[in-house]
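Residue numbers (the working numbering), protein chains in the order written: chain D, 4 to 387; chain R, 44 to 350; chain G, 5 to 301.
No wet-lab data here; the hints were simulated from the structure. Ideal Cβ placement from N, Cα and C applies to all residues, glycine included. Any given hint could be a false lead.
[Stated by the list, open to error] Here are the simulated lysine to aspartate or glutamate pairs, EDC-like style, with alpha carbons at most 20 Å apart:
id : chain 1 : residue 1 : chain 2 : residue 2
1  : R       : Lys-78    : R       : Glu-242
2  : R       : Lys-339   : R       : Glu-282
3  : D       : Lys-23    : D       : Glu-187
4  : G       : Lys-196   : R       : Glu-119
5  : D       : Lys-87    : D       : Glu-202
6  : G       : Lys-208   : R       : Asp-151
7  : D       : Lys-174   : D       : Glu-184
8  : R       : Lys-312   : R       : Glu-338
9  : G       : Lys-187   : R       : Asp-106
10 : G       : Lys-196   : R       : Glu-167
11 : G       : Lys-187   : R       : Glu-119
12 : G       : Lys-188   : R       : Glu-104
13 : G       : Lys-182   : G       : Glu-66
14 : R       : Lys-183   : D       : Asp-99
15 : R       : Lys-123   : G       : Glu-197
16 : G       : Lys-196   : R       : Asp-138
17 : G       : Lys-196   : R       : Glu-104
18 : G       : Lys-196   : R       : Glu-122
19 : R       : Lys-123   : G       : Glu-193
20 : R       : Lys-130   : G       : Asp-289
21 : R       : Lys-80    : R       : Asp-70
[What the hints assert, rightly or not] Examples of chain R residues lying across from chain G (beta carbon under 10 Å, computed):
id : residue
22 : Lys-130
23 : Gln-133
24 : Leu-159
25 : Leu-163
26 : Ala-212
27 : Phe-213
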Amino acid sequence: MSLLAELNDLKVYFYDQRDKRFIRAVENVGFSINEGTVLGVVGESGCGKTVTALSMMGLLESEPGIIDGQFFFKPSEEDAELIKQSLSRGVRKQNDYKKDTLFNLFFGLDRYVSFEENPFTIIKDSEKWLRRNNRIMEHIRGKNISMIFQNPEQSLNPFIPVGGQLTRTIKRFNREANSYEIKEKAIKLLRSVRLYRPEIVMSMYAGSLSIGMAQRVTIAIALCSHPRLLIADEPTTGLDTTNIYKMIELLEVLMTEMNLTLMLISHNIRIVSTIASNILVMYAGTVVEIGSKNYVMKTKKGPKHPYTEALVSSVPSDSDIKRGKKLRVIPGTVPNNKRKMDCCPFLERCPYAEGKIRQKCESACPELARVASQHYIRCYLFYS
Amino acid sequence: MDTVVETQGLYKYFYNKKGHTVIKACDDISLSIPKGKTLGLVGESGCGKTTVGRILLRLIEPDSGTVFFNGHNLTEMNEKHIRPLRKNFQMIFQDSSSSFNPRMRAYDALKESVQLYSDLRAKELRDEIYHLMSRVNLHKEMLSHFLGSLSGGELKRLDIARVLSIHPAFIIADEPLSLLDMSIQSQIVNLLLEVQKEENTSLLFISHDLRIVRMLSHTVAVMYRGKIVELAPKSVITENPLHPYTKHLWNPKISDFYVQFFESGCVYKNSCRVLHRKGFPLICSEKQPELLEYEKGHYAACHFAQE
Amino acid sequence: MKRFYYEKERINIEGFHVPLSKRASVRDVVSVGFGLFVVFYLFVFFVISVTNTFIKDPMQVEISKMFLSPSFEHIFGTDFLGRDIFLRIVKGTEAFFIPGIISVTISTTFGLLFGIISAYYPRYFSKIIFYFLNIIDSIPRLIFILIIIVLFNPSIYLIMTFVGISSIPKVSSYIKSKVELLKKQQFIEACKELGLSQVNIIFKHIVWLSSKSVLIIQATLGMGESILIETSLSYLGIGVQEPIPSWGNMVSMGKDFFFQGKIWLSTIPALVILVTIMGLYLLGDGLNSIYSEKVSR
Numbered sequence: 004m005s006l007l008a009e010l011n012d013l014k015v016y017f018y019d020q021r022d023k024r025f026i027r028a029v030e031n032v033g034f035s036i037n038e039g040t041v042l043g044v045v046g047e048s049g050c051g052k053t054v055t056a057l058s059m060m061g062l063l064e065s066e067p068g069i070i071d072g073q074f075f076f077k078p079s080e081e082d083a084e085l086i087k088q089s090l091s092r093g094v095r096k097q098n099d100y101k102k103d104t105l106f107n108l109f110f111g112l113d114r115y116v117s118f119e120e121n122p123f124t125i126i127k128d129s130e131k132w133l134r135r136n137n138r139i140m141e142h143i144r145g146k147n148i149s150m151i152f153q154n155p156e157q158s159l160n161p162f163i164p165v166g167g168q169l170t171r172t173i174k175r176f177n178r179e180a181n182s183y184e185i186k187e188k189a190i191k192l193l194r195s196v197r198l199y200r201p202e203i204v205m206s207m208y209a210g211s212l213s214i215g216m217a218q219r220v221t222i223a224i225a226l227c228s229h230p231r232l233l234i235a236d237e238p239t240t241g242l243d244t245t246n247i248y249k250m251i252e253l254l255e256v257l258m259t260e261m262n263l264t265l266m267l268i269s270h271n272i273r274i275v276s277t278i279a280s281n282i283l284v285m286y287a288g289t290v291v292e293i294g295s296k297n298y299v300m301k302t303k304k305g306p307k308h309p310y311t312e313a314l315v316s317s318v319p320s321d322s323d324i325k326r327g328k329k330l331r332v333i334p335g336t337v338p339n340n341k342r343k344m345d346c347c348p349f350l351e352r353c354p355y356a357e358g359k360i361r362q363k364c365e366s367a368c369p370e371l372a373r374v375a376s377q378h379y380i381r382c383y384l385f386y387s
Numbered sequence: 044m045d046t047v048v049e050t051q052g053l054y055k056y057f058y059n060k061k062g063h064t065v066i067k068a069c070d071d072i073s074l075s076i077p078k079g080k081t082l083g084l085v086g087e088s089g090c091g092k093t094t095v096g097r098i099l100l101r102l103i104e105p106d107s108g109t110v111f112f113n114g115h116n117l118t119e120m121n122e123k124h125i126r127p128l129r130k131n132f133q134m135i136f137q138d139s140s141s142s143f144n145p146r147m148r149a150y151d152a153l154k155e156s157v158q159l160y161s162d163l164r165a166k167e168l169r170d171e172i173y174h175l176m177s178r179v180n181l182h183k184e185m186l187s188h189f190l191g192s193l194s195g196g197e198l199k200r201l202d203i204a205r206v207l208s209i210h211p212a213f214i215i216a217d218e219p220l221s222l223l224d225m226s227i228q229s230q231i232v233n234l235l236l237e238v239q240k241e242e243n244t245s246l247l248f249i250s251h252d253l254r255i256v257r258m259l260s261h262t263v264a265v266m267y268r269g270k271i272v273e274l275a276p277k278s279v280i281t282e283n284p285l286h287p288y289t290k291h292l293w294n295p296k297i298s299d300f301y302v303q304f305f306e307s308g309c310v311y312k313n314s315c316r317v318l319h320r321k322g323f324p325l326i327c328s329e330k331q332p333e334l335l336e337y338e339k340g341h342y343a344a345c346h347f348a349q350e
Numbered sequence: 005m006k007r008f009y010y011e012k013e014r015i016n017i018e019g020f021h022v023p024l025s026k027r028a029s030v031r032d033v034v035s036v037g038f039g040l041f042v043v044f045y046l047f048v049f050f051v052i053s054v055t056n057t058f059i060k061d062p063m064q065v066e067i068s069k070m071f072l073s074p075s076f077e078h079i080f081g082t083d084f085l086g087r088d089i090f091l092r093i094v095k096g097t098e099a100f101f102i103p104g105i106i107s108v109t110i111s112t113t114f115g116l117l118f119g120i121i122s123a124y125y126p127r128y129f130s131k132i133i134f135y136f137l138n139i140i141d142s143i144p145r146l147i148f149i150l151i152i153i154v155l156f157n158p159s160i161y162l163i164m165t166f167v168g169i170s171s172i173p174k175v176s177s178y179i180k181s182k183v184e185l186l187k188k189q190q191f192i193e194a195c196k197e198l199g200l201s202q203v204n205i206i207f208k209h210i211v212w213l214s215s216k217s218v219l220i221i222q223a224t225l226g227m228g229e230s231i232l233i234e235t236s237l238s239y240l241g242i243g244v245q246e247p248i249p250s251w252g253n254m255v256s257m258g259k260d261f262f263f264q265g266k267i268w269l270s271t272i273p274a275l276v277i278l279v280t281i282m283g284l285y286l287l288g289d290g291l292n293s294i295y296s297e298k299v300s301r
């Protein structure tokens with residue numbers, strides 16, 4: 004298994020024009036994905052899951068946006084050549100390549116951004132950086148990394164039939180193909196996402212599709228170019244219970260069929276844990292726990308971040324339901340991200356923050372600590 | 044035990060412009076909800092659960108059938124006579140963000156509903172509203188916020204507070220959890236359980252998730268394409284489900300399939316496992332199974348329920 | 005390079021509702037402020053002229069002081085009979101103020117009524133109303149008024165009533181589209197299910213909370229329009245007659261002396277008309293852009 008993507012120390016801030024202050028969207032997020040595996044990203048809404056995905060796709064345009072971080076990605080061989088050409092115009096730096104096949108997609112970020120911690124100041128030329136970044140991303144976006152968005156009905160154009168949108172996207176990646184081949188390929192794609200009677204679906208408009216069908220169509224469009232990494236942003240919201248598992252199963256089948264790597268974002272940790280091999284738990288814009296599924300979902304023994312524990316227990320398991328237990332609740336809500344992080348973000352809702360440990364938690368934000376191989380937790384409870 | 048709400052033989056079909064039947068939203072629905080108990084109504088989206096809830100509130104007119112509420116026949120009354128009765132049955136909507144006027148403040152929204160059926164003075168009114176907010180675990184400062192700016196969970200609590208301000212005898216909760224995060228869902232479930240315990244209200248809980256319905260309700264009804272296919276107490280439906288669709292809902296991870304059949308016969312024949320195993324018996328595609336009582340209080344509509 | 009600075013966090017809890025002062029851009033604030041200034045001076049002028057608290061009678065003829073250019077004593081100068089132009093402008097508000105308000109009241113009340121009826125009860129009655137309103141809408145307004153004046157020679161009040169009637173279709177179509185949009189929203193259904201009466205739902209939730217902005221905007225625009233019509237009729241010599249001052253007939257009288265070098269006689273009243281109507285239109289425009297912005301998240 005070789006490394007496909009690696010994100011280091013991502014920092015994303017937004018600027019609130021009206022209140023003249025910064026909003027911390029994401030801070031110190033990092034993970035790595037191996038080829039052919041599934042990374043599950045879990046957290047409540049407002050935890051920065053979608054912002055992470057969007058910044059990986061280079062789709063963040065609000066200012067200041069990404070201010071720090073490295074995103075190494077291994078594109079396909081032909082695209083690697085193209086990227087090398089466009090990179091050669093700039094000055095080569097040591098941290099823009101890794102192992103000669105991984106490229107830093109945030110290439111040259113440090114030349115356009117500088118920031119100080121105290122007082123917090125960012126100097127950034129967003130337009131120039133975005134223009135520069137787009138030069139690389141046009142070889143990546145859609146071709147190597149694809150994304151499925153949260154609202155499938157809204158991400159389809161309501162005035163063009165599904166077939167039209169699909170064939171246009173296919174045409175973009177196969178310039179030489181004639182219309183007959185393109186149509187064949189579109190039908191084949193729709194069949195591969197298990198749509199019933201693809202010929203009829205081709206002529207339908209987005210308004211007449213059900214949510215499940217629309218989600219399948221968006222997956223088909225995302226798979227047009229045989230991407231290496233597929234980011235699925237909450238693909239199961241709005242679906243029925245019976246359909247949720249059908250959708251997850253479809254993603255699993257597609258992974259083997261199309262040789263995909265998947266990054267699955269959801270707020271339901273049990274759904275994610277059915278297929279994910281690694282799980283990343285996010286809270287208030289940071290990673291609080293990362294590790295393989297077996298460690299993170301381990302029921303009783305072993306270290307576990309209090310937030311992960313709360314997330315797991317808020318989703319009832321089969322045995323809980325049969326016993327008729329009362330559901331456990333995480334008290335409070337996600338804190339607003341407008342403050343600088345000077346204490347543990349989970350402090351107010353944490354049941355373990357008492358006595359001596361509480362003083363520690365209030366003093367500073369804990370670092371990610373390694374508790375087992377490939378299992379990291381951001382909590383003072385597990386500091387050795 | 045006295046019954047609060049009872050329906051008999053509700054029918055509601057939706058037609059397209061040419062007059063063909065498109066959706067059979069309600070097909071011979073008969074339910075009864077005793078005082079202080081919860082009936083859970085489960086089914087996929089598009090099976091007519093919401094239509095049943097709306098017919099009970101007379102927001103939609105049924106094609107035929109009757110709805111009794113505490114002995115009043117609602118289907119025969121007109122809007123003028125129903126309005127004084129609306130105090131007794133309330134609804135918690137699926138999308139709370141659109142069930143409030145976004146140009147109102149939270150205080151005004153609660154004040155409106157409190158003042159509808161009581162004439163409290165300024166001080167008492169304020170105390171009553173604070174009391175409501177504390178019951179649903181919302182902070183007092185929320186009252187000055189505009190409703191368009193609250194988050195989904197807060198709005199859902201406010202919706203529940205609005206319903207509680209009237210002290211209804213019967214509440215319909217129409218998929219109250221489907222648009223919320225998992226952690227907030229459990230908060231709302233616990234809140235609903237508390238409310239029912241304190242006020243002794245009857246509840247119709249509509250959802251697509253059999254597991255959550257199982258936590259809340261005393262009796263569970265499973266709907267499929269406008270028909271009730273199984274009706275049983277919650278302990279029975281977890282341990283001994285009779286209908287193949289209920290079994291599938293309990294175990295949704297097993298992939299299902301779809302086979303095209305003619306319209307007549309059992310509603311569930313298109314993806315029924317029993318039908319496959321039995322080798323496509325004719326009775327399933329010819330005769331509609333009736334809702335029969337197999338044990339005490341356990342009804343199922345399947346030709347092969349006993350096997 | 006753009007600079008972004010982090011500032012100390014404000015302590016108050018964020019209500020996401022944005023107060024009016026923050027919601028408005030600088031352009032909106034300027035235009036609304038200008039409009040409010042116009043409304044203010046119109047009101048003051050009207051009060052002065054009704055209570056007759058002038059320093060000097062604006063109708064008094066003083067031949068010795070004719071054609072005085074603007075000076076400290078007479079800020080806008082004097083006209084061909086030695087009357088102070090500023091005082092005449094103040095007096096001139098009387099000609100359109102009450103008639104304008106009448107026309108605005110007629111257009112907004114009936115527009116609201118017909119709009120709600122046709123959106124809420126789409127039956128034959130409302131269809132007939134709308135056919136009728138369409139007929140009114142299709143008649144060219146100024147020509148219609150001219151014909152009426154030529155035939156019946158009515159008073160300014162009656163003319164403004166006609167103006168009000170002729171702008172009913174516009175207001176009612178705005179209200180109709182607004183109500184039809186709101187009617188389908190779920191919160192109206194929730195109100196109905198709560199037990200609110202139909203009248204309460206319509207007048208509190210639909211009219212007062214959601215469409216009062218449309219009415220305010222239409223009222224300011226309507227006022228501007230009726231001033232314009234009054235002045236243009238007076239200019240043509242069929243509205244208010246000399247010696248009673250009106251902004252329109254002041255321009256018309258002064259235009260004969262324009263090429264003799266006495267330009268202030270017609271230019272100043274014309275400028276006052278321009279500023280007033282521009283102010284009212286900007287007020288409507290600014291309010292529109294402030295109110296149409298949704299409550300931000």
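**Study point:** Straight-line alpha-carbon gap Lys-196 of chain G to Glu-119 of chain R, limit 20 Å
**Key:** 19 Å, holds
**Study point:** Proposed proximity, Glu-104 of chain R with Lys-196 of chain G (alpha carbon, max 20 Å)
**Key:** Measuring from Cα to Cα gives roughly 15 Å; hence the hint holds.
Check your understanding: Is the Cα-Cα distance between Lys-123 of chain R and Glu-197 of chain G 20 Å or less?
Key -> 13 Å, holds
Exercise for review: With a cut-off of 10 Å on the beta carbons, see whether Lys-130 of chain R makes it to chain G.
Suggested key: Hint on Lys-130 of chain R: holds, closest Cβ of chain G at ~6 Å, below 10 Å.
Point to revise | Restraint check for Lys-187 of chain G with Glu-119 of chain R, where alpha carbons must lie at most 20 Å apart | key: Violated - the C-alpha atoms of Glu-119 of chain R and Lys-187 of chain G are around 26 Å apart, more than 20 Å.
Point to revise | Hinted pair Lys-78 of chain R and Glu-242 of chain R, Cα distance within 20 Å | key: Roughly 11 Å separates the two Cα atoms, so the pair holds.
Check your understanding: Within 20 Å, alpha carbon to alpha carbon, are Lys-187 of chain G and Asp-106 of chain R?
Key -> 24 Å, violated
Check your understanding: Has the given pair, Lys-23 of chain D with Glu-187 of chain D, been kept, meaning a C-alpha gap of at most 20 Å?
Key -> Violated. Lys-23 of chain D to Glu-187 of chain D sits at ~53 Å, over the 20 Å cutoff.
Exercise for review: Have a go at the Leu-163 of chain R hint: is there a Cβ in chain G nearer than 10 Å to its own Cβ?
Suggested key: Violated - the Cβ of Leu-163 of chain R stays beyond 10 Å from chain G, reaching only about 16 Å at its closest.
Review point. Are the Cα positions of Lys-188 of chain G and Glu-104 of chain R separated by 20 Å at most?
Key: Since the Cα atoms of Lys-188 of chain G and Glu-104 of chain R sit roughly 17 Å apart, the hinted pair holds (cutoff 20 Å).
**Study point:** Restraint check for Lys-196 of chain G with Asp-138 of chain R, where alpha carbons must lie at most 20 Å apart
**Key:** 16 Å, holds
Review point. Given the proposed pairing of Lys-174 of chain D with Glu-184 of chain D, does the C-alpha separation stay at or below 20 Å?
Key: 10 Å, holds
Hints 3, 5, 8, 9, 10, 11, 13, 14, 20, 21, 25, 26, 27 from the earlier list are contradicted by this structure; the remaining hints agree with it.
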